[in-house]
Amino acid sequence: MTQLVLVGTSHHHAPVELRERVAFDRDQAHALAERLGRAVCLSTCNRTELYIETDDADAAERAAVEALSQLEPALYRLRDHAAALHLFRVAAGLDSLVPGEGEILGQVRTAHDAGTAGPLLDRVFRHALHAGRKVRAQTAIGESPASVSSAAAALAEQVFGSLDGCDVLLIGAGTVSEQAARNLRTRGARIAFVANSKTERAQLEEELSRADVVVSSTSAPGYVLDAETVDRVRRGRQLLLIDLAVPRDLDPAIHDLDECYLYDIDDLQAIVAETLAGRRSEAERAESIVAAEAEKFHEWQASLEIVPAIASLRARAEEIREQELAKAAGVLGRLDESQRRAVESVTSQIVNKLLHLPTVRLKQAAAAADGVIYADAVRHLFGLGEDER
Amino acid sequence: MGSRSHYSNLFLVLHVGLVLAAFAGFTLAAALSGLYLWQERRLKRRETTILRRPAPSLAVLDRLAVRTVAVSVPALTLGIGVGIGRLVSRGDRVDALVIATLVTWVVWAAYLGVRAAGWSGRRAAYLALAGFALVIVVRLALPATHFG
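Chains as they are written, first to last, in my numbering: chain H, 4 to 392; chain G, 2 to 149.
In case anyone wonders, no lab produced these hints; they're calculated from the structure. Accuracy of the hints is not assured; some may be wrong.
[As the list claims (entries may be wrong)] Mimicking SDA-like on lysine to any residue, the simulated pairs with C-alpha atoms at most 20 Å apart in a straight line are:
hint: 1; chain 1: G; residue 1: K45; chain 2: H; residue 2: G164
hint: 2; chain 1: H; residue 1: K366; chain 2: H; residue 2: R324
hint: 3; chain 1: G; residue 1: K45; chain 2: H; residue 2: A314
hint: 4; chain 1: G; residue 1: K45; chain 2: H; residue 2: A256
[Claimed, not checked] Here are some, though not all, of the chain H residues that point toward chain G, as calculated from beta-carbon distances under 7 Å:
hint: 5; residue: D125
hint: 6; residue: S147
hint: 7; residue: I274
[Claimed, not checked] Where chain H lies over chain G, by a calculated footprint (3+ residues, C-beta under 8 Å):
hint: 8; segment: 38 to 48
hint: 9; segment: 115 to 122
This structure is a prediction, so every number in the text was calculated from the model and none was measured. Cβ coordinates follow ideal geometry from the N, Cα and C atoms, glycine included.
Okay, chain H solo, but in the shape it has when bound:
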C-alpha cells in the first residue's frame, strides 16, 4: 500500500544556525526529489521538509534522513494522516512564524511544481493548497497586517478606501519607510515625491499640499513638519501622516488638526500587537477548517481502498454465477429462449440483492474514513485476490 512519509524540520525545532545549513533552491529541490523517487522538497527560510510517496516507508524515511543528515537532531518524522495534516497546516500558514502569513501558500505551490509527485502526493499537495486558500477566504487570519509597514498601508485604506490615485510623500528613506512605501504602492498608491535633507522648504510644502499620505523617517533631531505648517498648507483636506522616526519627525500637535491623522511608531506597534492577538483567535477557526479538510483527504484515501474492493467483490459474484450456470448447461439446454432468459434474470437479481447492502455499507465506511479496515475484511471474508496468489 502506498504511504506518505514526511521528514523535515522548521523554525519550531531548529534555530536559524541549524536551518541555514540545509537550504534548497528550486533546481536543487527538484534534483533531490528526483533522487528520492516520487517526492516533493519544501524548502523555505523557516522550514526544510521532504514529502515522499512510497511503498516502502522505512526505506524512504532512511533516505530522507540521510539527505537531511545535517539537521538530524532537529528532524521530525511523520507518516500518512499525520504527514498530510502537517502539510495542510503549513499551507494554511498555521505553522508559520507569523501565523496566517500568505507567502507560504505560494511556496508550497512552487515546491509542488518542482517536485516529482506521484498520484498520492499530487493529491495531498493539491488538497493542501485548497485548504490553504479556504482558510484565507473564510477567516480573517491573513487580513490583519503583521508588520508596522503593512499596518501603515492598511491604515491608509481605513481613511481613503481604495488607494488608487492616492499620492504618497516620503520624507527621508529608511528600511521601514521603504517597506511602507512598497506596501502602499502594491495597494495602488503613487509615490509622488521622495524628499531628503536637500529638498527645499518651498518644494516640500508644495508636495505636502498635494499628498494624501505622508511617511516620514529622517534622522533629523527636531520636527521636520510642525502643526502650523501643515494647517496652513492643507486647509482642511484629509491627510494621514506616518512618523517612523525616532526622535519623531512630525509635530504631535498635527494630530489635533481637523482631518489630520498622525500615527507614530509606537501607535503602529500597538496596532500590530492587537492584530496579532486577533490572528491567534482566527487561528483557532483556521485549525478546525484544516482539520476538516485533512479528514476529507483521509476519506478520499480510504475510498481508494474501497472502490477496488467493491469492484472485485462484484466481479467475484458474477464469476460464480456464470460458473454455476455453465455447470447446469446440460439441464438448462432443454429450456426454451424465454425460460433461459428468466433463469439469467433471476440469478442476476439474487446476486444483486445479496450485494446491494454490503456495497452501500462499504461506501458509507469509506466516507467515515475506516474504509481501509472494511476493505481488508471484505477481501478476507470473500477470499478476493487469493486466486492470484
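Since chain H is already given, all that's left is putting chain G on it; use the hints.
Frame of chain H; chain G shown alone:
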C-alpha cells in the same frame, strides 16, 4: 368632479411617495454619517483595534452619504412642490408641518451646498445628523397635524 378627485389622488400619491423616498434616503445618509463619525473617532483616538476590526473607509462612507443626499434632495423638492401645488389648489392653509418640512429641505440642500464648497466630511456628517433630527420631527408630527 370625478376626474378632479382622480388627479387629486394622483398628486397625493406622488407627494407622499416622493417625500417618503427622500426621507428614506436621508435616513440612509444619516446612518452613513453616523458610521463616518464613529470611524473618524476611532482614527483620532488611534484605537488599536482599528485594523483588527476594519470598517468601511472614511472616503467610502463620505462618498455614499453625499450621493444618497444628492438623489434625495431633488426627490424632496419635487415632493414639496407637488404638495404645495395641491395645497394651493384646494385652498388649504400652510400648517406647521409644511414649515418644518421646508426647514428640513433647507438643511439638506445646505448639506449639498457646503459639500460643494469643500466642507470636511466630519462637519458635514454633523449637519447630516441635524437634518435627520428634523426628518424625525416631521415624521412624528405628521399624524397630528397633517390629516385634518
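Consistency of the hints with the structure:
no.: 1; hint: G:K45 - H:G164; result: holds (17 Å)
no.: 2; hint: H:K366 - H:R324; result: violated (24 Å)
no.: 3; hint: G:K45 - H:A314; result: violated (69 Å)
no.: 4; hint: G:K45 - H:A256; result: holds (12 Å)
no.: 5; hint: D125; result: violated (37 Å)
no.: 6; hint: S147; result: holds (6 Å)
no.: 7; hint: I274; result: holds (5 Å)
no.: 8; hint: 38 to 48; result: holds (count 4)
no.: 9; hint: 115 to 122; result: holds (count 3)
Taken one by one, the earlier hints fail for this structure at numbers 2, 3 and 5, listed in ascending order.
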